[in-house]
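Chains as they are written, first to last, in our numbering: chain A, 1 to 319; chain B, 320 to 686.
It is worth saying that the hints were derived from the structure and are not from the lab. Mixed in with the good hints, there may be bad ones.
[Claimed, not checked] Just a few of them, taken from the derived set where beta-carbon distance is under 10 Å, the chain A residues facing chain B:
no.: 1; residue: Leu83
no.: 2; residue: Phe86
no.: 3; residue: Leu136
no.: 4; residue: Ile286
[Said to hold, decoys possible] Below, computed lysine-lysine pairings styled on DSS-like, alpha-carbon distance capped at 25 Å:
no.: 5; chain 1: A; residue 1: Lys120; chain 2: A; residue 2: Lys231
no.: 6; chain 1: A; residue 1: Lys231; chain 2: B; residue 2: Lys558
no.: 7; chain 1: B; residue 1: Lys558; chain 2: B; residue 2: Lys542
no.: 8; chain 1: B; residue 1: Lys505; chain 2: B; residue 2: Lys600
no.: 9; chain 1: A; residue 1: Lys269; chain 2: B; residue 2: Lys542
no.: 10; chain 1: B; residue 1: Lys505; chain 2: A; residue 2: Lys92
no.: 11; chain 1: B; residue 1: Lys490; chain 2: A; residue 2: Lys269
no.: 12; chain 1: B; residue 1: Lys517; chain 2: B; residue 2: Lys503
no.: 13; chain 1: B; residue 1: Lys462; chain 2: B; residue 2: Lys361
no.: 14; chain 1: B; residue 1: Lys671; chain 2: B; residue 2: Lys558
no.: 15; chain 1: A; residue 1: Lys231; chain 2: A; residue 2: Lys123
no.: 16; chain 1: A; residue 1: Lys92; chain 2: A; residue 2: Lys120
no.: 17; chain 1: B; residue 1: Lys361; chain 2: B; residue 2: Lys378
no.: 18; chain 1: B; residue 1: Lys334; chain 2: B; residue 2: Lys542
no.: 19; chain 1: B; residue 1: Lys558; chain 2: B; residue 2: Lys490
no.: 20; chain 1: B; residue 1: Lys671; chain 2: B; residue 2: Lys542
no.: 21; chain 1: B; residue 1: Lys378; chain 2: A; residue 2: Lys120
no.: 22; chain 1: B; residue 1: Lys671; chain 2: B; residue 2: Lys334
no.: 23; chain 1: A; residue 1: Lys92; chain 2: B; residue 2: Lys334
no.: 24; chain 1: B; residue 1: Lys503; chain 2: A; residue 2: Lys231
no.: 25; chain 1: B; residue 1: Lys503; chain 2: B; residue 2: Lys378
no.: 26; chain 1: B; residue 1: Lys361; chain 2: A; residue 2: Lys92
no.: 27; chain 1: A; residue 1: Lys123; chain 2: B; residue 2: Lys361
no.: 28; chain 1: A; residue 1: Lys123; chain 2: B; residue 2: Lys600
no.: 29; chain 1: B; residue 1: Lys503; chain 2: B; residue 2: Lys600
For each residue, glycine too, the CB sits at the ideal point set by N, CA and C.
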Amino acid sequence: MNSNIFIIIISSAIFYGTPLFYAALGGILTERSGVLNLGVEGTMLIGGVSGAWACLHIGGSAWFTVTMSILVGALAGGLVSTLLAFLCITLKTNQTVAGLAITIFAGTVGLSSYFANIWKVAKTPVPRPIRNMDVLGLADTPVVGPILFRQTSLTYVSWLLAILATVYLFRTRIGLQLRAVGESPQTADAMGISVIRYRYIHTILGGALAGIGGVFYSLAIVPTWVDGMTKGAGWIAIALVIFGFWRPSLTLFGAYLFGALQSLSSTLKARGVDISGDILDALPFIMTIVVLVLVSSRFAHRRLGAPAALGIPYEREER
Amino acid sequence: MKSPIRLERRLEQPKWLNWAVPFISLVAALVLGAIVLWLTGKNPFDVYQRIFERGFAGKQAFSGALEMATPLAFTGLCAAVAFRMGLINIGGEGQFYVGAIGAAWVGIAVSGTPTGITIALMCLAGMVFGSIYAAIVGVLRAKFNTNEIITSLMMNYLAGILLNYLIFNSKSYWRDPDSPQFPKSKNIADRADWNTYKIFGIEMPIAFLIATLAGVAIWFLYKRTRFGFEVSVIADSPKAARYAGIRTSSTIVIVLALSGALAGLGGAADVGNFRGLLDAKGIQMAGYGYTGIVVAALARRNPITTIFVAIFIGGLTKAGYSLQGPDFPSGLVGTLQGLILFTAVAGEILIKYRLRANVSRAGAVAA
């Protein structure tokens with residue numbers, strides 16, 4: 001029963017969608033503060049390579065090693081985004097170019113590959129990968145078992161984070177102030193909210209989440225470091241933020257939809273379904289374009305709640 | 320939390336900054352790169368000296384720099400052309416691929432046509448393929464206001480998948496049927512091989528000359544024609560452009576098509592002047608499109624400067640490839656390129672703003 005193809009597709013959609021969700025959730029927090037981070041792809045790769053390094057070098061119990069690896073990946077992602085924050089917020093550079101610079105600097109042939117090379121993490125399987133768990137011994141329950149009870153720890157944490165982020169954004173004072181910063185920094189500033197501080201904190205936080213998404217690739221999906229292993233996931237995550245209308249809950253479903261598309265080719269191939277892998281591989285990218293076209297008309301943008309000050313550096317009026 | 324410096328908008332932008340800032344950016348990038356090297360236990364002076372020797376010193380090294388500079392000049396122009404209008408086309412990579420596909424098609428198909436005509440036809444095919452591919456992004460942007468950055472990037476991945484399909488996963492027209500074990504494309508016809516001239520012992524690929532011509536043509540287009548003027552009005556203020564009756568939508572499509580045509584031309588040069596076949600793996604590994612963005616940013620979108628910057632980045636990249644080994648890790652050149660992009664972006668600040676010390680108003684420090 002549990003080897004039914006639909007159950008496999010749904011459970012692997014959640015598995016593959018998890019790193020997308022982490023990166024997209026980071027994107028939501030960053031963009032809600034009015035900063036557009038196009039460096040997600042590079043940030044994920046740096047997180048991934050750092051996590052793999054930590055996994056190879058930090059001893060102790062499996063749990064400890066994995067947790068530390070995730071934290072190291074988050075820290076690395078946070079550091080990379082600090083650089084972005086400095087460029088975009090303090091130096092007020094063009095945010096799109098700065099984000100692009102991050103992705104080229106840290107990306108497939110950049111710093112992440114350099115680190116992998118000098119730390120010798122490439123081609124060595126990580127000793128303690130993130131494994132799928134068996135929650136409460138229910139993993140073999142028909143239908144819901146593989147979908148709900150045989151996921152990774154990071155997946156369960158991501159569900160918790162989705163709830164926390166929703167509460168944070170829409171039910172707390174700080175969340176309200178954050179949205180104010182993203183909508184109208186002038187007003188927020190006049191209210192005594194530090195625009196700079198909110199933007200820095202949420203850009204760094206977003207980078208840390210992207211870093212965790214990267215760790216999921218190097219510790220769970222493959223689990224070996226491969227240069228450029230995220231293969232565009234960071235960019236898909238940026239589109240997912242728009243697709244989810246800057247809301248964590250909708251983005252979670254979007255992430256699983258794209259997770260399904262990403263896993264489809266390997267799932268179907270394993271089943272011996274005769275279908276061109278190339279077309280399936282192309283699906284997530286085609287879908288991203290289609291989704292963007294659907295939601296990006298000016299009308300839709302305004303209705304769907306894009307932060308009004310997104311991408312605009314904040315400049316206090318000169319005295 | 321008061322920062323020690325503050326940015327003050329310049330009322331006038333002095334001319335000398337236009338060349339001084341890229342130079343300062345470059346030096347800053349090399350210093351940052353040295354810090355990365357030093358932190359990771361390498362001797363920065365040693366590494367830089369070897370890059371210089373392998374990339375620029377001597378006729379052979381310089382020929383190599385020109386060879387690598389050629390595709391980068393095309394992709395750099397591709398990025399610069401769109402950038403001028405405030406459009407960020409990072410699809411140069413994919414447009415380069417499809418340009419190569421189109422040119423290889425012509426190169427394989429021709430027989431008996433004189434070399435000059437073949438070169439022209441291959442260029443044309445590369446440009447048409449590249450421009451159509453980029454125009455899709457332009458139409459989506461103009462019609463639906465779809466973010467061109469993400470769509471053009473997605474199109475890069477799609478073009479990569481198309482390349483793999485044509486060479487590895489199908490029996491396409493491009494694939495060499497005589498080599499079933501090691502999938503590769505057919506070689507282009509002998510007469511489709513592009514010329515390389517020898518000038519003072521330096522090998523000058525004809526494609527580099529074409530790139531230079533293209534750079535001059537773009538400069539002329541943007542500085543001396545009505546179209547160029549309209550583009551700069553749109554770049555400065557889309558609203559003003561609309562009031563002035565400039566057709567913004569069609570200009571977006573035209574500029575992106577032009578941008579794609581340049582990248583496609585680069586793809587044609589890759590097939591005709593350098594590899595002699597459609598090397599699906601090789602051109603995906605090279606990442607010319609992404610590096611072209613670095614080139615355009617450092618050149619500050621000036622098409623003629625782009626050619627010179629391409630030579631510099633070309634030499635750097637070439638040196639990186641040839642030095643790659645146990646004590647010269649891969650990824651180093653990409654990291655340096657990324658740092659150059661950072662400092663080039665940050666350098667724009669020095670042009671737009673004046674840095675002033677925040678402590679006392681009198682003790683202002685000019686940048």
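If any of the earlier hints don't hold here, list their numbers in rising order.
Numbers 3, 6, 9, 10, 12, 13, 16, 17, 19, 21, 25, 26, in rising order.
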